[in-house]
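*Asks:* Protein sequence lines correspond, in order, to chains A and B. Count the first sequence with our numbering and you get residues 3 to 87, in order. Count the second sequence with our numbering and you get residues 2 to 593, in order.
For the record, the hints were derived by calculation from the structure and aren't laboratory data. Given the structure is predicted, the values throughout are model-derived calculations rather than measurements. Glycine residues also receive a C-beta, built at the ideal position from the N, C-alpha and C atoms. It cannot be assumed that every hint is accurate.
Stated by the list, open to error - Below 27 Å or equal to it, Euclidean Cα-Cα: the simulated DSS-like pairs (lysine-lysine) are:
1. B/Lys580 with A/Lys43
2. A/Lys13 with B/Lys433
3. A/Lys30 with B/Lys291
4. B/Lys580 with B/Lys476
5. A/Lys34 with B/Lys476
6. A/Lys34 with B/Lys580
7. A/Lys34 with A/Lys6
8. B/Lys420 with B/Lys291
9. A/Lys61 with A/Lys6
10. B/Lys580 with A/Lys71
11. B/Lys476 with A/Lys30
12. B/Lys447 with A/Lys42
13. A/Lys13 with B/Lys240
14. A/Lys30 with B/Lys553
Unchecked claim - Which chain B residues face chain A? A few, computed with CB under 10 Å, are given here:
15. His80
16. Ser88
17. Val92
18. Asn203
19. Phe236
20. Cys238
21. Asp283
22. Lys433
23. Pro491
Residue-level listing of the chains:
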Amino acid sequence: MAVKLIETGEKERLMELLRERLVDCGWKDEMKALCRAVVKKKGRNNVTVDELVHVITPKGRASVPDTIKAELLQRIRTFLVSAAL
Amino acid sequence: MSPKINAQISPQPCPHLAEFRRTSTKPFLALHSCLRIKPPGGRAALRRDPDEVPRCGACGLSSPSRLYACVTCAAVSCHSTSADDSSHAAVHAASMPPGHQIAVDVDRAELFCCACRDQVYDRDFDAAVVIAQTAASTLGADPPPAIPSSHPENLRKKRRVDYRPWAPDLRERALIGSCSGPIAGDAADPSQDLPRGLRGLNNLGNTCFMNSVLQALLHTPPLRNYFLSDRHNRFFCQKRNNGDGDGGAAGKRNGGNNGNKNARICLACDMDAMFSAVFSGDRVPYSPAKFLYSWWQHAANLASYEQQDAHEFFISMLDGIHEKVEKGRREPDSEGNGDCCIAHKVFSGILRSDVTCMACGFTSTTYDPCIDISLDLEPNQGVSNKTATATSNHSCNGEADCMNSSQYCGTSTLTGCLKRFTRAERLGADQKFFCRQCQVRQETLKQMSIRKLPLVSCFHIKRFEHSSTRKMSRKVDRYLQFPFSLDMSPYLSSTILRSRFGNRIFPFDGDEPDASDELCSEFELFAVVTHTGKLDAGHYVTYLRLSNRWYKCDDAWITQVDENIVRAAQCYMMFYVQKMLYYKATDKQVAS
């Protein structure tokens, strides 16, 4: 199923949709601010991408609005139905 | 992590990358054939075969968060971020002989060092990816014009001069004392709580379009500083003109207008006179008759007692100031640089437009100077204007569809308009563009962005619609929300290109590193020109923000208003100034 999701390009579209929504609701700005705070605290030269992702990921996961999750879930459902036919 | 990738402060390469570069002869050659660009304008990804679904070699998962391909042996492994967790990419790097640390993200085509666990940047690699993305077809005869060769770092010229405080020494203080008097009307003035420079302008017969723009210009910080610091002295300017004109008969200021007219008209001189009058401390409404007369001379087609469009006036008068200075100096300065005259120094920016052919991926880039940005109001449901039909054309692709729906709900905002202005727009079948590479007209993708921000951004909202099919004009009365502080960085070319190409060290926009400077991209609102009424019978009013209070300038009357009134107003033109130049503190000092 996952393969089908990728092959049809649906995954790409979903990613694009998610990206758009997260920017719209300010989530991206929020994450950017968090990253900045972390980098400032640790010093610009002592941060790696991995550390940053590690620190930010839990916060980011938690703060995705429920409406966006619901919308994506809905899209995936519709895809599943149409793919099964 | 370097925060300024486009500003070309390149991060130190990590030791592993340096070692890798040293030992391998053709480091990224194998990768080149794997670069896949999703159809025009898309991101770069790496696939050995176009339909390949990459999986982690160790666990077989195809969609963990990040997948990396080792640049030495092409083994694909997943990578999890938690430092204690096992990462197959890191295991791969550790288990192999040295040289397998550098990997490339298969979905972004960005380099990663598995030993340092950090993103790394390589100039050659990034350049190759960008070129592949720009000319998606490698057969391209023309070299992509948008890509300048990578500049050495020392080319980053420092344009800003450090600030040095100035205190007058004894001699200077004596000069100040002897050559200037206190400005009248300071004490015992009933209106002394008003900031300096607030003075009503009399309506000279349907001239509120002029008054509203002039009020905004009179309080444009860089323009105000220019004229008040005597950089354009009207007496000198007249003298010089008389010198190379008919030589003498004209008086100092008012005389000589009937002589040779063309030499005498200088809108900048009239601006200078107006600045002196307005900032003199006198609160009696001022009549900009002389200015109006000069402007009529300049723009003869608009010379009548009819109501004009404020935006048209704005363009025409800046043009007038520019033309005069150009004539006076005869310097072959290109307009785009914005170094020619005060009007262009303050207001001119550069727009970049990229037109990408949907068939071959060839992109042509053009740069256009602009002195303001005209924005379409976002279309409402059921409104059948041109933009609405244009957007519905490509609602077949999911992306544009969801964008539209998100914009329809809620009120329109200025940021929404800017987003529309800078988003990639597919030009439909009816407006095909000639592609230089295909040599035929093709469907194209067009995207605008701002290459260089002006000191003062003027946004003009297209409220007046001219429909050529129905041969009529109408005004759009829809409300538009605007922020008091605006961050322009999302609309800059550097940001837009970065989202198109990913994070790379690559001089996307050539020689203008300062343009992407964060400091410069923050703007503060200082004037709003509003229009009420209909197309043919309306009234312009300006709201000014001085020392964080709002004042309503309605021709001769000036009143302080609450900011909520301003927020609710129907904006027509908005003036934003770079935050750096918006001296909140000094404004207050001057006012007190």
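*Asks:* Please go over all the hints and tell whether each is borne out by the structure.
*Replies:* Hint-by-hint comparison with the structure:
Of the pairs offered as hints, the one joining lysine 580 of chain B and lysine 43 of chain A holds, with about 25 Å between alpha carbons and a cut-off of 27 Å not exceeded. The straight-line distance between the Cα atoms of lysine 13 of chain A and lysine 433 of chain B is roughly 30 Å, outside the 27 Å bound, and the hint therefore fails. Our distance criterion of 27 Å between C-alpha atoms is broken by lysine 30 of chain A and lysine 291 of chain B, whose separation comes to about 52 Å. Restraint check for lysine 580 of chain B and lysine 476 of chain B: the C-alpha separation of about 32 Å exceeds 27 Å, so the hint is violated.
About 40 Å separates the Cα atoms of lysine 34 of chain A and lysine 476 of chain B, which puts this hinted pair outside 27 Å; it is violated. Using a Cα cut-off of 27 Å, the hinted pair lysine 34 of chain A and lysine 580 of chain B holds, with the two alpha carbons roughly 21 Å apart. Pair hint lysine 34 of chain A plus lysine 6 of chain A does not hold up; C-alpha atoms about 33 Å apart against a cutoff of 27 Å. Of the supplied pair hints, the one linking lysine 420 of chain B and lysine 291 of chain B is violated, its CA atoms being roughly 41 Å apart against a limit of 27 Å.
Distance restraint check for lysine 61 of chain A and lysine 6 of chain A: the Cα-Cα separation of roughly 31 Å exceeds the 27 Å cut-off, and the hinted pair is therefore not satisfied. Taking the CA atoms of lysine 580 of chain B and lysine 71 of chain A, the gap is near 37 Å; set against the 27 Å cutoff, the hint is violated. Taking the CA atoms of lysine 476 of chain B and lysine 30 of chain A, the gap is about 36 Å. The hint is violated against a cut of 27 Å. The suggested pairing of lysine 447 of chain B with lysine 42 of chain A is violated, with an alpha-carbon distance near 38 Å, which exceeds 27 Å.
Our distance criterion of 27 Å between C-alpha atoms is broken by lysine 13 of chain A and lysine 240 of chain B, whose separation comes to about 72 Å. Taken as a hint, the lysine 30 of chain A and lysine 553 of chain B pair is broken in the structure, with Cα atoms around 37 Å apart against an allowance of 27 Å. A hinted interface residue such as histidine 80 of chain B counts as satisfied when its beta carbon comes closer than 10 Å to some beta carbon of chain A; here the least separation is about 8 Å, so the hint holds. Checking serine 88 of chain B against chain A by beta carbon gives a least distance of about 9 Å; that is within 10 Å, so the hint holds.
Contact between valine 92 of chain B and chain A, as hinted, is not supported at the beta carbon level, the nearest pair being about 15 Å apart and thus beyond 10 Å. For asparagine 203 of chain B, the interface hint is violated, the least distance from its beta-carbon to any beta-carbon of chain A being 46 Å, above 10 Å. The criterion of a C-beta within 10 Å of any C-beta in chain A is not met by phenylalanine 236 of chain B, whose closest approach is roughly 52 Å, and the hint is violated. The beta carbon of cysteine 238 of chain B is not positioned within 10 Å of any beta carbon in chain A (closest approach about 48 Å), and the interface hint is therefore violated.
Interface restraint check: aspartate 283 of chain B against chain A, minimum CB-CB distance 47 Å, threshold 10 Å, status violated. The closest approach between the C-beta of lysine 433 of chain B and any C-beta of chain A is roughly 26 Å, which is over the 10 Å cut-off, so the hint fails. Here the hint on proline 491 of chain B is kept, as its CB sits about 9 Å from the closest CB of chain A, short of 10 Å.
Hint compliance for this structure: hints 2, 3, 4, 5, 7, 8, 9, 10, 11, 12, 13, 14, 17, 18, 19, 20, 21 and 22 are broken, all remaining hints hold.
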